[in-house]
Amino acid sequence: MAATTTPRPRSPSAKGPLAPAERWFKARGWKPFPFQREVWDAYLAGDSGLIHAATGTGKTYAAWMGPVLEWMAEFPKGAPAKPPPPLRILWITPLRALAADTEAALLAPLTELGLPWTLQSRTGDTSAKIRSRQRTRLPTALVTTPESLALLLSRDDARTLFADLRAVIVDEWHELMGTKRGVQTELALARLRSWRPQMRTWGLSATIGNLDDAREALLGATPGRPPGRVVRGLVPKNIVVDALIPPRIERFPWAGHLGTQMLPQVVDAIEEGETAIVFTNTRSQTEIWYQALLEARPDWAGLIALHHGSLDRAKRDWVEDGLRSGKLRCVVATSSLDLGVDFSPVDRVLQIGSPKGVARLLQRAGRSGHRPGAVSRVTCVPTNVLELIEVAAARDGVEAIAVESRLPVERPLDLLAQHVVTVALGGGFLPDELLAEVRTTGAYAGLLDDEWRWVLDFVTRGGDALRAYPEFQRVVVDDETGRYLVRDKGVARRHRMSIGTIVSDASIAVQYLRGARLGTVEESFVARLNPGDRFVFAGKPLEFVRVRDMTAWVRRTTNTKGLIPRWMGARMPLSGELAASLRARLEEASRGEFRGPEMQAIRPILDVQARWSRIPRADELLIERVKTREGHHLFIFPFEGRLVHEGLAALFAYRISRLTPISFTFSMNDYGMELLSPEAAPLDAALKAGLLSAHNLLQDVPASLNATEMARRQFREIARVAGLVFQGFPHAGKSVKQLQASSGLFFDVFTRYDPGNLLVSQAHREVLERQLESSRLGRTLERLAAGNVVITNPKRTPPLAFPLLVDRTRNAVTSESVTDRVQRMKLVLEKYADTGK
DNA sequence: GACCTGCTGCGGTATG
1 MAATTTPRPR SPSAKGPLAP AERWFKARGW KPFPFQREVW DAYLAGDSGL
51 IHAATGTGKT YAAWMGPVLE WMAEFPKGAP AKPPPPLRIL WITPLRALAA
101 DTEAALLAPL TELGLPWTLQ SRTGDTSAKI RSRQRTRLPT ALVTTPESLA
151 LLLSRDDART LFADLRAVIV DEWHELMGTK RGVQTELALA RLRSWRPQMR
201 TWGLSATIGN LDDAREALLG ATPGRPPGRV VRGLVPKNIV VDALIPPRIE
251 RFPWAGHLGT QMLPQVVDAI EEGETAIVFT NTRSQTEIWY QALLEARPDW
301 AGLIALHHGS LDRAKRDWVE DGLRSGKLRC VVATSSLDLG VDFSPVDRVL
351 QIGSPKGVAR LLQRAGRSGH RPGAVSRVTC VPTNVLELIE VAAARDGVEA
401 IAVESRLPVE RPLDLLAQHV VTVALGGGFL PDELLAEVRT TGAYAGLLDD
451 EWRWVLDFVT RGGDALRAYP EFQRVVVDDE TGRYLVRDKG VARRHRMSIG
501 TIVSDASIAV QYLRGARLGT VEESFVARLN PGDRFVFAGK PLEFVRVRDM
551 TAWVRRTTNT KGLIPRWMGA RMPLSGELAA SLRARLEEAS RGEFRGPEMQ
601 AIRPILDVQA RWSRIPRADE LLIERVKTRE GHHLFIFPFE GRLVHEGLAA
651 LFAYRISRLT PISFTFSMND YGMELLSPEA APLDAALKAG LLSAHNLLQD
701 VPASLNATEM ARRQFREIAR VAGLVFQGFP HAGKSVKQLQ ASSGLFFDVF
751 TRYDPGNLLV SQAHREVLER QLESSRLGRT LERLAAGNVV ITNPKRTPPL
801 AFPLLVDRTR NAVTSESVTD RVQRMKLVLE KYADTGK
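FYI, in UniProt numbering the residues of the first sequence are 1 to 837.
Read the hints as simulated data drawn from the structure, not as lab findings. Wrong hints could be hidden among the right ones.
[To be verified] In silico BS3-like cross-links for lysine-lysine, where the CA-CA straight-line distance does not exceed 27 Å:
1. K327 - K315
2. K15 - K26
3. K688 - K795
4. K15 - K31
5. K77 - K31
6. K561 - K315
7. K31 - K327
8. K627 - K688
9. K540 - K561
10. K627 - K315
11. K15 - K77
12. K795 - K627
[What the hints assert, rightly or not] Label-pair distances were calculated between CB atoms; the ranges are:
13. V789 - D317: 53 to 61 Å
14. G309 - S742: 32 to 40 Å
15. K26 - R556: 50 to 58 Å
16. D457 - S325: 52 to 60 Å
Remember, predicted model here, so these are calculated numbers, not experimental data. Glycine residues also receive a C-beta, built at the ideal position from the N, C-alpha and C atoms.
With these hints in hand, go ahead and build the complete structure from the sequences.
Okay, here's the thing in structure tokens:
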């Protein structure tokens, strides 16, 4: 390169307040991104805000350097080395594993810039040494989880602990927001802000549909607070969504979700890259695919692994290390690998089965190409013909950045009760002051005076029903000062041990007779086993020996043919965004337009659908009437996700049965539902009578299935969070069955003797919102009522309906329970209406 | 053509 005499202009910030950060970046051959400078400037100006950017694009240092620069500006000539400054920065993350990782990443600038700081994660490394040190003094910067933060707030010296706090950074805020863990974080932030009004809050988030809501929830509803920034980092990386196309579509199944027919293509795809993650939707599916891959490629033994939430932590850590170091060629995983440590060597991501949502697919795609500017690619593997449409729809969603929203949780009173006890422990409170503080959170901004009084009564006297039991009088009022306090040592201990909002599923451990724990399976699975039975778990063929102490003892065997455990997890419905894209793709197909390789491939099947019945347009509700030996089937296709269809099926059955006595058997999936009856249902009359009307929703919708029983089950979480049931000491804990039994007892007692109990109404509300997606259900009915109904009478079961037919044989829901549901729905709706929501 | 779906996450006592 020719020498040039032109002097380079000095960077304007070379001497400014950002200089140390610029120097630090330069030393590593980096250059700050404009958004990083923007955040630093905003921080130094005293602003709070939200940064949204993809992972691996420098948002960590965007958030971290603000407080670092502030400190350096305070000591232009160098800070005194000793003693290290007290807690200034709190870094909140939803994952223990992330805490350790973050700690390592943040340490480098501290040492290189010569800051006399201490930095520790309270979680992650749970060694007794760090714990006891933190009991006396906290580090300058602390990486922690929402639960650990709540524990800190329960210390009686909480206020002095945070006396020097300058900044709180909440990592992965999109993950927390929309859950009770997020609300717990909001409450903690409100507490900290009341002590440190100048404190700055920065959130880090992936792209979601409602970033402004996310910022509001994070920054709180304090009157007169500055609006706060939303800083956009490097977001739309190049993301490629493609698919493995079945070689012979006419031989590809019309139903099913395993997808092992695609094994050869998946093996080829794994071979193309250095390291791959194969995502599946369920835990049992990872076990099945792991075995299948091993069978296809025995030479991959030791090079492939599996990862899901029921595997022992040690095993998962081993897998994550193998992925990070590049020792593993392929890991089959559930969303347990969605978040967390950065696996830079991963260059191939496959998704088996429906992606379910745009955000979810983006998250998974982002696990590859984990460097700024790199291309992220995800390859979808259909497990049945119809999923090809979902792939095309998901790509549309990714291209249009039609990412799902995370809706904030509104005033959960179980968590408020927990928080009130935490604060009573952490120095005590005066009711009016705490109420004002709680109302500065987004979640409780609309908290009613009555609700607040009810919560106070609940923690001090146990509410109306438990008045007679001293153990529920957890908080007492000091006669002289009027402060609410916890005096009882046992109450304090039990409370600290049950802080948090996560309620575990029923499970029992699986362990070698002499040796390592493998993970956990459900009690119901073990109950089916006899000694000597074989099953495959954690990728290992095992022989069941016996159950003792909540542990299933096993020994190794060689025969890989055996049962595979199944876990009853939540049912993820197709997201509203993806469902809309799906309807749009069908609409195109109905006009004879087949864009892209997936739609081209599925064309023969959709031709069958069109010949036998019809391909519905986006504004059409397709209803297929089919008569078989089994009876009269109605197949109805709103394309709104399984949960909504569950509610709709119950509603439709109820409305039809009001016209004529008739009983139905149901099945549903993400596309629609089947109502099967021995006689033909009076469909036309029902439509005329308002089958699809959203009008009488509040009277007609039981909002559904076995609502009381569902609420009763939901109450387990509420009872746990509110502190009604104590889980017991670690390792000697109560079984989940016991917990379910005692929380069920509370539910029954409250329902009968304490009709005003607000936790019971909360259980009903949570069932409606979470398990039945009632607001989406209402919107769906409005959409259906505004569109056209198209009824066809196919001779045979067409492709769209076929999976419903298969599904029903698996788990039939009879309309016996519908009658019960309908009876109960009025109760539910009255309660729902009572809460004013 | 008659065919196996159901995720993730945290925290904690006591020690004669």
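A quick look at each hint next to the structure:
1. For the hint linking K327 to K315, the alpha-carbon distance of about 15 Å falls within 27 Å, and the restraint holds.
2. Between the alpha carbons of K15 and K26 the distance comes to roughly 14 Å, so the proposed pair stays at or under 27 Å and holds.
3. Distance check on the hinted pair: K688 and K795 sit about 25 Å apart at the alpha-carbon level, within 27 Å; holds.
4. Of the supplied pair hints, the one linking K15 and K31 holds, its CA atoms being roughly 16 Å apart against a limit of 27 Å.
5. About 25 Å separates the Cα atoms of K77 and K31, which keeps this hinted pair within 27 Å; it holds.
6. Distance hint between K561 and K315 is fulfilled; the C-alpha atoms sit about 22 Å from each other, no more than 27 Å.
7. For the given pair, K31 sits about 31 Å from K327 by alpha-carbon distance, which is inconsistent with the 27 Å threshold.
8. Our distance criterion of 27 Å between C-alpha atoms is met by K627 and K688, whose separation comes to about 22 Å.
9. A threshold of 27 Å between alpha carbons decides the hint, and for K540 with K561 the separation of about 11 Å falls inside it, so the pair holds.
10. Restraint check: the Cα-Cα separation between K627 and K315 comes to about 52 Å, which exceeds 27 Å; the hinted pair is violated.
11. For the proposed pair K15 and K77, the alpha carbon gap of about 14 Å is at most 27 Å, so the pair holds.
12. A C-alpha spacing of about 8 Å is found between K795 and K627, which places the hinted pair at or below 27 Å, so the restraint holds.
13. The beta-carbon spacing between V789 and D317, approximately 54 Å, falls within the hinted interval of 53 to 61 Å.
14. In this structure the supplied range 32 to 40 Å is violated for G309 paired with S742, their Cβ-Cβ distance being about 25 Å.
15. For K26 and R556, the Cβ-Cβ distance of about 55 Å falls inside the hinted range of 50 to 58 Å, so the restraint holds.
16. At roughly 56 Å, the beta-carbon separation of D457 and S325 lies within the given 52 to 60 Å, and the hint holds.
Hint violations for this structure: numbers 7, 10 and 14, all remaining hints satisfied.
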